[in-house]
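Participant: Sequence:
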Amino acid sequence: MRLDELLERLEYEVIQGSGETKITTLANDSRKVQKGSVFVCISGAVSDGHRFAADVCAKGVTAIVVEKDVEVPEHVTVIRVEDTRYALALMSAAYFRYPAEKLKVIGITGTKGKTTTTYMIRSILERVGHKVGLIGTIESIIGSRTIPAANTTPESFTIHQYFSEMVKAGCDSVVMEVSSQGLMLHRTAGIPFEIGIFTNLGKDHIGPNEHKDFDDYKRCKAMLFKQCRLGVANVDDPHFEDIFKDATCRAETFGFSGKADLRAENVNLVSRPGYLGVAYHVSGLMDFDVEINIPGTFSVYNSLTAIAVCRHFGVPVDKIKEALKEAKVKGRIEMIKVSDEFTLMIDYAHNAMSLESLLTTLKEYRPKRLVCLFGCGGNRSKDRRYEMGEVSGRLADLTIITSDNPRFEDPQDIIDDIKIGIGKTGGKYVEICDRKEAIKYAIENGRRGDVIVLAGKGHEDYQEIKGVKYPMDERVLIAEVLEELKEGR
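According to the working numbering, the sequence shown is numbered sequentially starting from -14.
FYI, nobody ran anything at the bench for these hints, they're computed from the structure.
One or more hints might be untrue.
As the list claims (entries may be wrong) - Using 30 Å as the maximum straight-line C-alpha spacing, the simulated BS3-like pairs for lysine-lysine come out as follows:
1. Lys421 x Lys348
2. Lys153 x Lys20
3. Lys413 x Lys367
Given these sequences and hints, build the entire structure.
Facilitator: Rendered as structure tokens:
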């Protein structure tokens, strides 16, 4: 492959050498270069790829793509671009022969609801014969293969590699979560989205390692709607108009509002022993009744989003209803059977907005007590701790404060910050730093009619402490606790 073939959709300047240079592989990780590679220097938050220019040249790269001045041997071709992250995205697409153009790509952005909605859409489309790839927070799915996720939206090279593998596996479409970080860092640049989806927007991911402020967060979310053919949006969200004010796509809306193109009406909570769900009527662009086995208003939004998308694939109503009835997502209001007396569930709610939504929803089912167990991640904005503490203190009858990915912070310091938020409410709480012991306390003290939520970990199967991810799956912890209680330990 020639270098100029990878650069064909970019504006660039040849600083030295030739654009006709032959290359073997494309890399942005200095550890992965080979003889004949082209290396793209990324200016990252932790390290700057330009610093490794001499190292990769010593390993035999034939070309290097930069946005800053570098000193390299004369035989190495140097290409200068305005933004190497953007260049990597477009070069990756070219490297894999533009696989996104052979798929119908559905991208979902928003503060919450992305993961559940991706699985709902995939479930519905696969029921009618589509072969659907998935890229998201929990995993990527390529045919029968699953790959655990490191980021909600992977690096652009990985995205196009996955797209390429999906095409080879016979996929005709892919549904992917598109994070604000992914958009900001151009990981999805150049992807021709068939449908872009906006779920909602709340204050999250704002801090020194993420977005500088809410306006920047909002601006990045809006980027998706400048590179999709159709935008499907939650018209009830107060930021809907801001997100779509500069959109270049056709827009279609969903929600409870009478002005929504696809509406949810006559919502009813469904509660049976061991089952919490919701039923409603779909009106507007479609007309039918549906029931889903995930509780609450946000589940109505998630399913309505999936319906809005699958309408454009011509999915029959009966198939939509069947798929939504069975839709389940690991770590998203995942019910775990532990007792005939009370309900226990695992959920990924890890910010104030998602926790408030979850707890408000569960209160609508009128539990005897609502018990919320959670912690907050270290090396993240302290505001999240205060806000989550305040939400749980206000809405839960009992909060069990524990540890959740303390990273390089002292877990007790994080717990103390959460207590500041709870202190504003006067809500009852206990603090148990060890998460397994906290879960044991919750189960051992569960009462008839309680709903107990283990919030924050969801699908995660690790605890991150001082740069190391230790295995820790709440499903395993629950099983161990039940065994210990059975043995009287």
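Participant: Against this structure, judge whether each hint is valid.
Facilitator: Hint check results:
1. Simply put, Lys421 and Lys348 have alpha-carbon atoms about 25 Å apart, close enough for the 30 Å limit, and the pair holds.
2. A C-alpha spacing of about 27 Å is found between Lys153 and Lys20, which places the hinted pair at or below 30 Å, so the restraint holds.
3. Between Lys413 and Lys367, the direct Cα distance comes to roughly 21 Å. Compliance with the 30 Å bound is thereby established for this hinted pair.
In summary, this structure violates none of the numbered hints.
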